[in-house]
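**Student:** Letter by letter, the chains look like this.
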Amino acid sequence: MTAYDPCSHCEEMMQPYMDRVLTEAERAEAEAHLDGCSYCRKRYRFEAKLRQFVQRAVAIEPMPVELKTKLAALRTPLE
Amino acid sequence: MSETTRDPDARRLATDARDRVRFEEDALALSDQVYRVARHLVGSREEAEDLMQETYARAFRSWRSFQPGTNLRAWLLRILTNLNIDRGRRQQRTPDMQPLEEGDYFLYNKLETSGDGVNDADRVVERLSQNDVVAALSDVPHDFRDVVVLVDIGDFTYADAAQILDIPIGTVMSRLHRGRRILKQAMAESAVGGEES
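Protein sequences appear in the order of chains C and X.
To get our numbering, take the position in the first sequence, counting from 1, and add 1112.
To get our numbering, take the position in the second sequence, counting from 1, and add 15.
So that you can see chain X by itself, here it is in the shape it has in the complex (with noise of 0.2 Å):
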């Protein structure tokens, strides 16, 4: 009896180890940009880099519950959101956050009005930093923070958010649109301040 017929569970027990390594490998060679977007859900690159180190863990180990062909970027960061979650991100939700009435062209109108009167496009947005775009981005509220991150940052689409937040794929529009306005409501103060108050 030859080697190859007399142990097929040896070649099964092969194969898994190769179908693994291809699942890890891929999944590491996707960490980049995975990080990029959880350095933005949560609020410290500390907690960033825990959540990450917890992520590829649980990874990992549910590595066969993994479709093969679906999309792995989102698959780690539902794992990503739900670890999240788990860390007690629910008790800060804020869900009655005051109505916010600025529009969309709020923040350019903001900025436009606060500059030299040169305002085509690349001037208006040169009036912002990195820090006010940073700083803004960390005093969006959580559930609207999470979906701006995936959408905007990450490029997933709205049907990848909802399947990775787990919620309708209406919410995450909605969530997106009043998101947007939160974030460009939070560079207007950050970068000319809120003297109207």
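Chain C on its own, in the form it takes in the complex (with noise of 0.2 Å):
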């Protein structure tokens, strides 16, 4: 039998969370936690900087100004 273990909870909930899908009461459970677990604290931290760094890691990138010219002559002549 394996014990409730509240981190692995924790952890389980924590992409929702932050998605802000989690009901009312999910979302109070897991601030609850959070407020009083640095273990996990830290580690919602660290999830919250990773998707703006994720963010940021792939915009770097922009669109070529070339392709931009292409598109634009796709569009349906004016008559």
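FYI, nobody ran anything at the bench for these hints, they're computed from the structure.
Quick caveat, the model's predicted, so the values are computed rather than measured.
We put the beta carbon where it would ideally sit given N, CA and C, even for glycine.
Check the hints yourself; a few may be wrong.
What the hints assert, rightly or not - Selected chain X positions facing chain C (in silico; Cβ < 7 Å): (1) His-55; (2) Glu-62; (3) Glu-64; (4) Tyr-123; (5) Val-139.
Said to hold, decoys possible - If you want the ones that stay clear, here's a sample from chain C, every Cβ over 12 Å from chain X, calculated: (6) Cys-1122; (7) Glu-1138; (8) Arg-1139; (9) Glu-1141; (10) Asp-1147; (11) Gly-1148; (12) Glu-1159; (13) Ala-1169.
Now that you have both chains on their own, put them together as the hints suggest.
**Tutor:** The structure is reproduced here in structure tokens:
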């Protein structure tokens, strides 16, 4: 039998919590745990930073200007 | 008879042309955002550029099927993902990949133990590089990556992602859950190596 582990439960709820898809009760439960648990709180901060980091890392390569020109050229010519 | 009353067809054509031009302008204004997602749905910049051109060509041809007031960015990405699948992506699907055991804290734990003992969130994230992220993302199998890219990079809701990929919302949630874990595992390997195996 596996004993209930609140940190494992928090780990499972972390991503849905960050996606804001938990119910009110689940959210309150997650926040209560994060308030009292430095282990999970540290990992929550990391997850929040990680999302920003991933967004920035993949946004560095902008759309080539030539492609923009090519897309504009696909428009229907005006008669 | 005045010119305006004489030729209702001409007026309709003028309205039609104006709507079309507006649609084209709106679609082009979103092209940077669509490209950012497209670039990470496919393997290379060249593929992404081809796919963007095919997508916009099709969108401009079938602009009448877009319902004004709905999400144009999602509509364009729906075309793009369909074209991507038509290009043979289905054959590359990997539903039977090995089960993944690591949880959500895996990446943090891995980076924490590889560092200098200073473990606040900023410092730990800084142990990753941009290349770690880009390389790891391209390692995530397509079905999972599509969802991660749409939700975490494209900022689409679960419902939008479900509509774009034409899959149930429950599938979006389960693939997202798994895809993020696969991504983190790949980032961990890229950043600190898989020395435990």
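**Student:** A separate judgement is required for each hint: does it hold in the structure or not?
**Tutor:** Right, here's what the structure says about each hint:
1. His-55: Interface hint status for X/His-55: holds (6 Å vs cutoff 7 Å).
2. Glu-62: Result: violated, 12 Å to nearest chain C Cβ.
3. Glu-64: Since the shortest Cβ distance to chain C is 5 Å, the answer is holds.
4. Tyr-123: Hint on X/Tyr-123: holds, closest Cβ of chain C at ~5 Å, below 7 Å.
5. Val-139: Hint on X/Val-139: holds, closest Cβ of chain C at ~6 Å, below 7 Å.
6. Cys-1122: 9 Å, violated
7. Glu-1138: About 14 Å separates C/Glu-1138 from the closest Cβ of chain X, which puts it past 12 Å; holds.
8. Arg-1139: 17 Å, holds
9. Glu-1141: The claim stands: C/Glu-1141 keeps its Cβ more than 12 Å from every Cβ of chain X (closest is about 17 Å).
10. Asp-1147: Check passes; 17 Å lies beyond 12 Å.
11. Gly-1148: Since the minimum Cβ distance to chain X is about 17 Å, C/Gly-1148 lies beyond 12 Å and the statement holds.
12. Glu-1159: 7 Å, violated
13. Ala-1169: C/Ala-1169 is in fact no farther than 12 Å from some Cβ atom of chain X, at 4 Å.
Of the numbered hints stated above, those contradicted by the structure are hints 2, 6, 12 and 13, listed in ascending order.
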